[in-house]
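Single-letter residue listing:
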Amino acid sequence: MNAKKIDRLATGIIYALVAAVIIILIAILGYILFNGVPDISWHFLTSAAQSFSAGGGIRDQLFNSLYLLILTIIVSLPIGLGAGIYLSEYAADNWFTDLIRTSVEVLSSLPSVVVGLFGYLLFVIKLNLGFSILSGAIALTFFNLPLLTRNIEESLRSVPNLQREAGMSLGLSNWKTTTKIILPAALPGILTGLILSAGRIFGEAAALIYTAGQSAPTVDYTNWNIFSATSFLNPMRPAETLAVHIWKVNTESVTPDANLISSASSAVLIIVILIFNLGTRFLGNKLYKKITASK
Amino acid sequence: MKKYNLEETYITDIPEKKALSTKDLQVYYGSEHAIFDANLNFPRYKITALIGASGSGKSTLLRCLNRMNDKVARVEGEISYRDVNINSPKINIYEVRKQIGMVFQRPNPFAKSIRENITFALKNAGITKKSDLEERLEQSLKGAALWDEVKDNLNKSALALSGGQQQRLCIARSIAMRPDILLLDEPASALDPISTSKIEETLKVLSKDYSIIIVTHNLQQASRISDYTAFLHLGHIIEYNSTVNIFTNPQMQATEDYVSGNFG
Numbered sequence: 001m002n003a004k005k006i007d008r009l010a011t012g013i014i015y016a017l018v019a020a021v022i023i024i025l026i027a028i029l030g031y032i033l034f035n036g037v038p039d040i041s042w043h044f045l046t047s048a049a050q051s052f053s054a055g056g057g058i059r060d061q062l063f064n065s066l067y068l069l070i071l072t073i074i075v076s077l078p079i080g081l082g083a084g085i086y087l088s089e090y091a092a093d094n095w096f097t098d099l100i101r102t103s104v105e106v107l108s109s110l111p112s113v114v115v116g117l118f119g120y121l122l123f124v125i126k127l128n129l130g131f132s133i134l135s136g137a138i139a140l141t142f143f144n145l146p147l148l149t150r151n152i153e154e155s156l157r158s159v160p161n162l163q164r165e166a167g168m169s170l171g172l173s174n175w176k177t178t179t180k181i182i183l184p185a186a187l188p189g190i191l192t193g194l195i196l197s198a199g200r201i202f203g204e205a206a207a208l209i210y211t212a213g214q215s216a217p218t219v220d221y222t223n224w225n226i227f228s229a230t231s232f233l234n235p236m237r238p239a240e241t242l243a244v245h246i247w248k249v250n251t252e253s254v255t256p257d258a259n260l261i262s263s264a265s266s267a268v269l270i271i272v273i274l275i276f277n278l279g280t281r282f283l284g285n286k287l288y289k290k291i292t293a294s295k
Numbered sequence: 001m002k003k004y005n006l007e008e009t010y011i012t013d014i015p016e017k018k019a020l021s022t023k024d025l026q027v028y029y030g031s032e033h034a035i036f037d038a039n040l041n042f043p044r045y046k047i048t049a050l051i052g053a054s055g056s057g058k059s060t061l062l063r064c065l066n067r068m069n070d071k072v073a074r075v076e077g078e079i080s081y082r083d084v085n086i087n088s089p090k091i092n093i094y095e096v097r098k099q100i101g102m103v104f105q106r107p108n109p110f111a112k113s114i115r116e117n118i119t120f121a122l123k124n125a126g127i128t129k130k131s132d133l134e135e136r137l138e139q140s141l142k143g144a145a146l147w148d149e150v151k152d153n154l155n156k157s158a159l160a161l162s163g164g165q166q167q168r169l170c171i172a173r174s175i176a177m178r179p180d181i182l183l184l185d186e187p188a189s190a191l192d193p194i195s196t197s198k199i200e201e202t203l204k205v206l207s208k209d210y211s212i213i214i215v216t217h218n219l220q221q222a223s224r225i226s227d228y229t230a231f232l233h234l235g236h237i238i239e240y241n242s243t244v245n246i247f248t249n250p251q252m253q254a255t256e257d258y259v260s261g262n263f264g
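Chains as they are written, first to last, in UniProt numbering: chain W, 1 to 295; chain V, 1 to 264.
These are computed hints drawn from the structure, not numbers from a lab. Hints are supplied without guarantee of correctness; some may be wrong.
Said to hold, decoys possible - With a cut-off of at most 25 Å between alpha-carbon atoms, the simulated PhoX-like pairs for lysine-lysine come out as follows: (1) LYS123/V x LYS156/V; (2) LYS289/W x LYS130/V; (3) LYS129/V x LYS90/V; (4) LYS176/W x LYS156/V; (5) LYS180/W x LYS130/V; (6) LYS176/W x LYS123/V; (7) LYS17/V x LYS208/V; (8) LYS289/W x LYS123/V; (9) LYS176/W x LYS90/V; (10) LYS289/W x LYS151/V; (11) LYS142/V x LYS130/V; (12) LYS129/V x LYS290/W; (13) LYS180/W x LYS123/V; (14) LYS204/V x LYS46/V; (15) LYS151/V x LYS130/V; (16) LYS129/V x LYS176/W; (17) LYS208/V x LYS18/V; (18) LYS90/V x LYS289/W; (19) LYS18/V x LYS290/W; (20) LYS176/W x LYS290/W; (21) LYS142/V x LYS204/V; (22) LYS23/V x LYS2/V; (23) LYS130/V x LYS46/V; (24) LYS17/V x LYS176/W; (25) LYS208/V x LYS46/V; (26) LYS18/V x LYS3/V; (27) LYS71/V x LYS151/V; (28) LYS156/V x LYS180/W; (29) LYS286/W x LYS129/V; (30) LYS290/W x LYS130/V; (31) LYS129/V x LYS180/W; (32) LYS151/V x LYS290/W; (33) LYS180/W x LYS290/W; (34) LYS176/W x LYS71/V; (35) LYS204/V x LYS17/V; (36) LYS290/W x LYS46/V; (37) LYS46/V x LYS90/V.
What the hints assert, rightly or not - Covered by chain W, per the in silico footprint, the following chain V stretches (three or more residues, Cβ under 8 Å): (38) 156 to 163; (39) 223 to 237.
Note that CB positions come from ideal geometry on N, CA and C, so glycine has one too.
Okay, chain V solo, but in the shape it has when bound (with noise of 0.2 Å):
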């Protein structure tokens, strides 16, 4: 593998509202160092995507962002939101998830009907309300173009959809809480090509009314739905622009090898 010069870094500001922000945020799996002095402010109502190779620390900067590494990494620094350090220990991390929502790899769609999928987090946030949740049921299903494929089946087991079907079950699931933002990690990556299309549009609908920040090995994913990337590279952000400039006008040169496919 080449050799980069990680402390060269090329990080641009932002010129829209910040949706949340990393300072200084470094990440300890045990003694190993896995993400260095990450600053990045992601933009509100905007898809942010994170790239670089495997191990390059996309998922656990990700993860961070709502506590999620809580008890597997030792995170450090600060992440604001709404002028909030969420990193800090005295902070609900309940009520930072329900605020900020996540979308995994692999479907993960609880074993039980479609409806409670969706319900189940509502009720236990409070809502009680039948004609609230047959609301929100039908919003969630319906932002995450699912509605017209299960609206007949909705007392069925989730498990019986296919794999596209409950991914885009778990985004509603998400959006159902009516988060701020919505971290997804390679939310598409176990999906064959017609699923993942449906999930992109999905997605740049959803990202009109939510902050979006998506871990991506795809790189014409990134190019296709993102307004701005970063680029990690073991465990640097190496470079953060507009996705434009990233993939049209790279200022790193292992951002220019790592999009270009001459990477390691």
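Bound-form chain W, shown alone (with noise of 0.2 Å):
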């Protein structure tokens, strides 16, 4: 064969197997969005959850994931960052940085079921933190920081070198050029990162079960202190997910009408997603550009 046919063959191929990804992925999609979306009301969005009869909404589970969701957020990328930043522009290329680097690559293929179980021992039981928000924040943190980490370290590692010297030649100390013109310029890399670990986040059902537990208690909308047992705020009380929710009415629950909740509820959690994923990188870019000035 020669070049010329040996290339075409290969476009071909590559064409095939990303038509192969577009296919799958708007199938899926299609399939939950075209099953879900008719059942989704402003009843069904702002309804308790009904453990009997039909007629149930996600008002709680939805906040649940939201509120875990930003905790999680809270919690992990501060950590990320610090961590990212030290083994892209602090460590050296010694054993250490190596064993750092292979306990995160560890850590990060561990199964989420088996950090719901560590999650549930350590917390739940040993911290006697019991089956809450809080849990399943550092739960969650666990599951998400690796490839938060490794992401934030490949993103920072991805701006040329030239821009570390630039900043050195000017009497910038280290700390200052990263934070100030390297991190800038690898924000669009790190916020990609960060929608990706937020998708797995909210999707997250494994880990929640034996952290935050499986129930969702009646809460007050209205109570804003975030110590009262009632308020809607309280990490400290127990939260099912709408990703738990999704499971347990699946297999566990009696109500009537458990195909059009989850049915439902899938498509909720996608649409949630897609808005995330969207409305960061819409506020990603406008940083992005406003800190770098390119229109």
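Join the two chains, each given in its own frame, into one complex according to the hints.
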């Protein structure tokens, strides 16, 4: 075969593979949205779940998922940033850094159910946090941190070394160069990582069943006192998330409309992730343009 | 490659005041000895060129002068600047780099606006008054012969400039700090001839107020703009003399072969 033919063949195969990815994606998304969207109503989004009768909603589960997502990001982003900056900008190339990197990689391949059980034993039982949003958020941080750290490190690393030299040659400290020059330049990559991990957090069920719990107690959405047991902001209350709800409705629920609830919930889950994805990208691009002055 | 006696060297002293001098400077990359016994005096308010083949150590030597090699190589010996040995671990390297600026081979403006490229390091150095910043902005861009081309677009991204403009912006960014000495590592090697001649003109003008040390592969460039030239070979400074002498009356065989193109 000549070079031209090989090239054409390779191009064809690549196109076919891309098409396969897109078809699978569209098929799954289409199936979920097609089945779920017709059942989404204002009533469904704003009423509490029912254990035995039909007509229950997902108000609390939806809120719990969002709250847990925000808490997890608040806990894991600073740690991930710190670790990523250390690994990319400060760590020397030696066995110790390699050890850290390997540990991070091993941690990232832990099954989420193991992370959940570990969280159950440590936070729920040993530290006496009980089934709570806090336990869930910490477990999700364990689950999320390795990939987030790795992603931040890679994003920082991909900024050309020339930029670091430019900062150094102007008498800027390593820290200033990192925070004011390298970090802004790496922002788009970091954002992509954050979006991906947010999707994982939002859709995670296994790690939460044992940590955040499977019950959604009625909470008062007008009570802003974070320490009050009935407040929706109280992080010490058990909180069933949307993903856990989908799992539960499908396994042990006795509601007659379980099918409807799970398909509509799945659709909501995907729509929220899409909104979060697009929203973060939009805000991130704006921020990036502002600090880099690019139009 | 021809073998030359690396121990035989011809290094002149300079009549001018010294901007910077090195004494018995050795550089090691791990176990590899990269610079041997560099003893050089760089004149004040003149342009000194470092020439030599790839791997001769000219960039390595240049990068020692403002401690950019700190994490990369082991540098032994003395580098004296205003009677202070700046190659001492006690020295505040950030202050050194404010006095001894550097421009690199590939233009590396920050991903910020043209204005911020200049003002960012100034603000960091404690200059916060708006009028001062604006004055330095205009002065440095004029000094790098870029002002007329960008004065209406100061808030645009520096990455939108052409390669030659970016490199002049990098020069402006360095001189905005009002350093004493400007180190340039092949600043024109990635640029087209027109941008190159603009940079050369700029450097000529700047040499009235700055001591400039430039690494270059381009022999014509060295002979056009520099006052003194050092020829390096395999980590040794073979010859150091006025540029006229280096190019018309070289004392060492290696220098003569290099400047006449019979090298290697």
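Item to check | Given pair status - LYS130/V, LYS142/V, alpha carbons within 25 Å | outcome: holds, 18 Å
Checklist entry - Are LYS129/V and LYS176/W close enough, with their CA atoms no more than 25 Å apart? => result Holds, at about 20 Å.
Next on the checklist: Hint check: LYS18/V vs LYS290/W, CA-CA at most 25 Å. Holds or violated?
Outcome noted: Distance ~45 Å between LYS18/V and LYS290/W Cα, so the pair is violated.
Next on the checklist: Holds or violated: LYS204/V and LYS17/V, Cα atoms, limit 25 Å.
Outcome noted: holds, 19 Å
Checklist entry - Is the Cα-Cα distance between LYS130/V and LYS46/V 25 Å or less? => result Violated, at about 33 Å.
Checklist entry - With a Cβ-Cβ cutoff of 8 Å, does the region 156 to 163 of chain V contain at least three residues near chain W? => result holds (count 5)
Checklist entry - Quick one, are LYS18/V and LYS3/V close enough, alpha carbons at most 25 Å? => result Distance of about 33 Å is beyond 25 Å: violated.
Item to check | Pair hint LYS71/V and LYS151/V, alpha-carbon separation not exceeding 25 Å | outcome: Answer violated: LYS71/V to LYS151/V is near 38 Å, above 25 Å.
Item to check | Restraint check for LYS204/V with LYS46/V, where alpha carbons must lie at most 25 Å apart | outcome: Judged against 25 Å, a Cα distance of about 9 Å means the pair holds.
Next on the checklist: Check whether the Cα positions of LYS23/V and LYS2/V lie no farther apart than 25 Å.
Outcome noted: Cα-Cα ~28 Å, so violated.
Checklist entry - Would the pair LYS46/V and LYS90/V pass a check requiring their Cα atoms to be no farther apart than 25 Å? => result Between LYS46/V and LYS90/V the Cα gap is close to 29 Å, so the pair fails against 25 Å, i.e. violated.
Checklist entry - Does the alpha-carbon distance linking LYS151/V and LYS130/V stay inside the 25 Å limit? => result holds, 17 Å
Violated hints for the displayed structure, listed by number in ascending order: 3, 18, 19, 22, 23, 24, 26, 27, 29, 36, 37 and 39.
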